[in-house]
Amino acid sequence: MKIGMISFAHMHAYSYAKSLLQIPGVELAGIADDNPERGERMAAELGTSFVDLDELLARADVAAVIICSENSKHRYYTELAAKAGKHVMVEKPIATTVADAQAMIQACADAGVKLQVAFPCRFIPAVRRAKEAVEQGRLGRLIGIRASNHGRNPGGWFIEKELSGGGAVMDHTVHVVDLIRWIFASEFTEVYAEADSMIHGISIDDCGLLSMKLENGAFATLDPSWSRPSAFPTWGDVKMEIVGTNGVISIDAFKQRLDVYSEASGHRYLPWGGDMDFHLVKDFVDTVALDREPFITGYDGLKALEVALAAYKSADSHQVVNI
Amino acid sequence: MTLRVGLIGLGTMGKVHAEAYRQLPDTQLVAVADLRPEMRQKYEGTDTVVYCDGVDLIAQADVDIIDVCVPTHLHRKFVELAAAKGRHVFCEKPLARTYADGQAMVAACKQAGVKFGVGHVVRFFPEYAAAKRVVDSGEIGKPVTVSTMRGGGGFPTAWQDWYANFQWSGGLVLDMIIHDFDYLRWVFGEVERIFARGSAGQEANRFEYALVTLRFKSGVIANVEGSWFNHGGFQTKLEIAGQKGLINHESAESSPLRAILKSSDTAAQVAVPESPVDKSPYLLEIEHFVSCIQSGEEPMISGDEALKSLQLALAAMESVATGKPVHL
Numbered sequence: 001m002k003i004g005m006i007s008f009a010h011m012h013a014y015s016y017a018k019s020l021l022q023i024p025g026v027e028l029a030g031i032a033d034d035n036p037e038r039g040e041r042m043a044a045e046l047g048t049s050f051v052d053l054d055e056l057l058a059r060a061d062v063a064a065v066i067i068c069s070e071n072s073k074h075r076y077y078t079e080l081a082a083k084a085g086k087h088v089m090v091e092k093p094i095a096t097t098v099a100d101a102q103a104m105i106q107a108c109a110d111a112g113v114k115l116q117v118a119f120p121c122r123f124i125p126a127v128r129r130a131k132e133a134v135e136q137g138r139l140g141r142l143i144g145i146r147a148s149n150h151g152r153n154p155g156g157w158f159i160e161k162e163l164s165g166g167g168a169v170m171d172h173t174v175h176v177v178d179l180i181r182w183i184f185a186s187e188f189t190e191v192y193a194e195a196d197s198m199i200h201g202i203s204i205d206d207c208g209l210l211s212m213k214l215e216n217g218a219f220a221t222l223d224p225s226w227s228r229p230s231a232f233p234t235w236g237d238v239k240m241e242i243v244g245t246n247g248v249i250s251i252d253a254f255k256q257r258l259d260v261y262s263e264a265s266g267h268r269y270l271p272w273g274g275d276m277d278f279h280l281v282k283d284f285v286d287t288v289a290l291d292r293e294p295f296i297t298g299y300d301g302l303k304a305l306e307v308a309l310a311a312y313k314s315a316d317s318h319q320v321v322n323i
Numbered sequence: 001m002t003l004r005v006g007l008i009g010l011g012t013m014g015k016v017h018a019e020a021y022r023q024l025p026d027t028q029l030v031a032v033a034d035l036r037p038e039m040r041q042k043y044e045g046t047d048t049v050v051y052c053d054g055v056d057l058i059a060q061a062d063v064d065i066i067d068v069c070v071p072t073h074l075h076r077k078f079v080e081l082a083a084a085k086g087r088h089v090f091c092e093k094p095l096a097r098t099y100a101d102g103q104a105m106v107a108a109c110k111q112a113g114v115k116f117g118v119g120h121v122v123r124f125f126p127e128y129a130a131a132k133r134v135v136d137s138g139e140i141g142k143p144v145t146v147s148t149m150r151g152g153g154g155f156p157t158a159w160q161d162w163y164a165n166f167q168w169s170g171g172l173v174l175d176m177i178i179h180d181f182d183y184l185r186w187v188f189g190e191v192e193r194i195f196a197r198g199s200a201g202q203e204a205n206r207f208e209y210a211l212v213t214l215r216f217k218s219g220v221i222a223n224v225e226g227s228w229f230n231h232g233g234f235q236t237k238l239e240i241a242g243q244k245g246l247i248n249h250e251s252a253e254s255s256p257l258r259a260i261l262k263s264s265d266t267a268a269q270v271a272v273p274e275s276p277v278d279k280s281p282y283l284l285e286i287e288h289f290v291s292c293i294q295s296g297e298e299p300m301i302s303g304d305e306a307l308k309s310l311q312l313a314l315a316a317m318e319s320v321a322t323g324k325p326v327h328l
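Chain order of the listed sequences is A and B.
So in the working numbering, spot 166 of the first sequence is number 166, and the numbers just go up one at a time.
So in the working numbering, spot 131 of the second sequence is number 131, and the numbers just go up one at a time.
Just so you know, these hints were derived from the structure itself, not from any lab.
Just so you know, these numbers come straight off a predicted model, no measurement behind them.
Keep in mind that a hint or two might mislead.
[Stated by the list, open to error] DSS-like cross-link-like pairs, simulated, lysine-lysine; straight-line CA separation at most 30 Å: (1) Lys237/B x Lys279/B; (2) Lys239/A x Lys279/B; (3) Lys308/B x Lys85/B; (4) Lys161/A x Lys308/B; (5) Lys313/A x Lys85/B; (6) Lys213/A x Lys324/B; (7) Lys324/B x Lys303/A.
[What the hints assert, rightly or not] Covered stretches of chain B (chain A as the covering partner; in silico rule of three or more C-beta atoms under 8 Å from a C-beta of chain A): (8) 16 to 26; (9) 171 to 184; (10) 211 to 220; (11) 224 to 233.
For glycine and all other residues, C-beta sits at the position ideal for the given N, C-alpha and C.
Extracted from the complex, chain A is given alone in its bound form:
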């Protein structure tokens, strides 16, 4: 199976490409990028070729593409790929507006191609174990969840609103929202949020806090802030404290790590846990190969986006926003 990549604007593209290279029978068909310097550099590094987008999509032997462009360009590339009959895996968030997300879902449905959104956290072993416990009823009825998805200021296009659609709240809301929807099979119904630009002197939100309610009656807060200083030993975290009537489940998704202290780097964490990006990409490849329904759909991407957009609305109005 040949899979092309469209844009390396989002740094996750590198990890997805490396994953493709590890899967037997899969070939990285080439990299298209509207930044030719970046495209050529990444193609050279990954042992593939930098290709013209139209030519990549015109190739009959390319089955699918992975899109890691700036968020606001997801729709454009997804629609082009769908029209060309290519299956699509798109980086999160699915898009920057509900209209764009709906158009992408429609375009892929019309073309009969698969659309998968990249929520790799669903492939973290600890998360899967937690989901199993919930499904076995061991947590009891869900009461509340306290979650964080902290990070650093990624800079670049991430802090240009017309390209990213939003800052920390857009960047870091959708992962945890997707996990909660997936684990508990319940939709979010309302959001109250604070969001602001207070840390990095940038013109986009770099910190915030969401307080959400679920259809099943439970509630959750999520801190998506880009609040890890450069001295922090790692990029950030995904943590969830899950409280149910029968007990508590704590997830610290990236806790499998060594503490490394060196003259060169000071103190850093060296992760040794599972490779979620590989399993995400492998799942997409299997979905295409076996012609099955995507495990993470465009609808999943849309539902997560809705929560992030509602958070911005609430942060502006200081009122609870219904979804």
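Chain A is already provided as a structure; the job is to place chain B on it using the hints.
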């Protein structure tokens, strides 16, 4: 000069306060009161005069300080009586069950010209005090986002199960995470708006859980988690992220002592983590109050201060009940 103390309520906190007065060189616990004979027993036949009813203690005992360690809804009654008698008053947190009660207590102490201190002891915990010093030093830059956690040790048991009576205790938000509200106010100033979600009133209400969002006038966004569920033992967490750095405290990661010992020949070995310090925060808070009486200074956590923290907790409870943010 030795200050004579009358202590009303010998429950969990009363015992802790009694120990503090025993340790302090300038105080003498001359009278105690508790409705429960088994609590009074320890003092029978000692120099400490034992009362059943705190009202009688206030009326009869010759003391300088009345320390009130009774359930929250009874605070007002004893504080007002003590103030009317001209006694300095130290009262456990939260100040009161209602704002009106709190206002009346503060007014009574002011009118009587007595010192009034309230036991928001977290300000005296060394890790919390140290975090404030780091913030104040500017080392982590302007503080931006804060998160706290308190609880996880299960549901508190006490006289007549009063914690489970929402009309008496106010539940988790008023009784427990008011600690964090008070601390956050101390470090970051006053709050502009508050939004809270909680399980109060749900079927599992003995095991309450709450997540509160606070926006401070300074811009700080804070997330306060409180739990009466079992998270594997009582614990506290505090993270303060600033523009130039970050402070993190997790009590579960900071116990210098962990003993895994048999409590009897047959009992299983249970791990008991401890974080012993030179002076307990409870000793420090009472030492501070006593020094204020001696020097004439105003206690750090005065009635007015405690009233502001009470207002935050009541606003959070209102938000839980209405599902709407409360603008202060």
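(request) Take a quick look at whether Lys313/A and Lys85/B sit within 30 Å of each other, Cα to Cα. (result) violated, 55 Å
(request) Report holds or violated for chain A covering the region 211 to 220 of chain B, Cβ cut-off 8 Å, minimum 3 residues. (result) With 4 residues closer than 8 Å to chain A, the region 211 to 220 of chain B meets the three-residue bar; holds.
(message) Can you tell me if the region 224 to 233 of chain B counts as covered by chain A, using C-beta to C-beta distances under 8 Å and a minimum of three residues?
(response) holds (count 6)
(message) Hint check: Lys213/A vs Lys324/B, CA-CA at most 30 Å. Holds or violated?
(response) Measuring from Cα to Cα gives roughly 12 Å; hence the hint holds.
(message) Between the alpha carbons of Lys237/B and Lys279/B, is the straight-line distance 30 Å or under?
(response) holds, 21 Å
(request) Compare the distance between the alpha carbons of Lys161/A and Lys308/B with 30 Å, and conclude whether the hinted pair is satisfied. (result) Cα-Cα ~39 Å, so violated.
(message) Using C-beta distances, would you say chain A covers the region 171 to 184 of chain B, given that this needs three or more residues below 8 Å?
(response) violated (count 0)
(request) Given the hint that Lys308/B pairs with Lys85/B, test it: the Cα-Cα distance must not exceed 30 Å. (result) holds, 26 Å
(message) Between the region 16 to 26 of chain B and chain A, are there enough contacts, at least three residues with CB-CB distance under 8 Å, for the coverage claim to hold?
(response) Since 0 is below three, the answer is violated.
(message) Check the hint pairing Lys239/A with Lys279/B against an upper bound of 30 Å on the C-alpha distance.
(response) violated, 34 Å
(message) Hint check: Lys324/B vs Lys303/A, CA-CA at most 30 Å. Holds or violated?
(response) holds, 23 Å
Of the numbered hints given earlier, the model fails hints 2, 4, 5, 8, 9; all others are met.
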